[in-house]
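**Q** The sequence shown begins at 5 in our numbering and counts up one residue at a time.
Simulated from the structure, these hints should not be mistaken for laboratory data.
We treat Cβ as the ideally placed atom computed from N, Cα and C, and that holds for glycine.
Accuracy of the hints is not assured; some may be wrong.
[Claimed, not checked] Simulated DEER-style distance windows between Cβ atoms:
{"#": "1", "residue 1": "L52", "residue 2": "T193", "range": "19 to 29 angstroms"}
{"#": "2", "residue 1": "R139", "residue 2": "L57", "range": "43 to 53 angstroms"}
{"#": "3", "residue 1": "F203", "residue 2": "L63", "range": "34 to 44 angstroms"}
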Amino acid sequence: MFDRHARRLIDPPLNRLGRAMAARGWTANGVSLLGLALGLIAAVCVALGAPTLALVPLLASRMADGLDGAVARATVRTDFGGYLDIACDFAFYAVIPLSFVFLDADNGLAAAFVLASFYVNGTSFLGYAVLAEKRGLSTQAQGVKSLYYSNGLLEGTETIVYFILLCLFPMAFAPLSWVFGGLCFLTATLRIHGASKLFT
Numbered sequence: 005m006f007d008r009h010a011r012r013l014i015d016p017p018l019n020r021l022g023r024a025m026a027a028r029g030w031t032a033n034g035v036s037l038l039g040l041a042l043g044l045i046a047a048v049c050v051a052l053g054a055p056t057l058a059l060v061p062l063l064a065s066r067m068a069d070g071l072d073g074a075v076a077r078a079t080v081r082t083d084f085g086g087y088l089d090i091a092c093d094f095a096f097y098a099v100i101p102l103s104f105v106f107l108d109a110d111n112g113l114a115a116a117f118v119l120a121s122f123y124v125n126g127t128s129f130l131g132y133a134v135l136a137e138k139r140g141l142s143t144q145a146q147g148v149k150s151l152y153y154s155n156g157l158l159e160g161t162e163t164i165v166y167f168i169l170l171c172l173f174p175m176a177f178a179p180l181s182w183v184f185g186g187l188c189f190l191t192a193t194l195r196i197h198g199a200s201k202l203f204t
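Kindly produce the complete structure, drawing on both the sequences and the hints.
**A** See the structure below:
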């Protein structure tokens, strides 16, 4: 919901930094993999009982997620780069809730619920992107992307806020996840409804 507004603020500095990194030999794929590695480090920090410490690699991971596209725009954009970016994102979104189960097994049911909501929401998102590509539809509302990014009630910005809240208030994992998972299911439902109107 807030991604398009956030992009207006973060894209200009990210693009400047991306050009500087590209000039020093960084590749977009390398930055995507770095972002995933940082996300895995954040998950390990949570699992080992240091969720507050996990904020540092978690936020650095999301910075890298924004920078890979900036580096690609400064060098060359490839279909595989877009594919790798989304694959790394989905892996990151999976390991953070899972890490809270390692932190406290009592979080298992809420984590299963939120991960199921991610699965359903991700399917609605990627399926929408495939059909949009098939019909030659495009949008830059979420910035310049390799895939068609349909907007939704919950997007990347809201997910990052959710993860930050989990790290700051790990004892509230269950209520936060039940609410966020419910909103993810609602987002998927609204996207499917929109697809039923557009892809007829």
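**Q** Would you mind marking each hint as holding or not holding in the structure?
**A** Each hint, compared with the structure:
With their beta carbons about 36 angstroms apart, L52 and T193 fall outside the hinted range of 19 to 29 angstroms. Take R139 and L57: their Cβ atoms lie about 46 angstroms apart, and the range 43 to 53 angstroms holds. Roughly 37 angstroms separates the CB atoms of F203 and L63, a value that falls within the hinted 34 to 44 angstroms.
Violated hint for the displayed structure: number 1, the only one.
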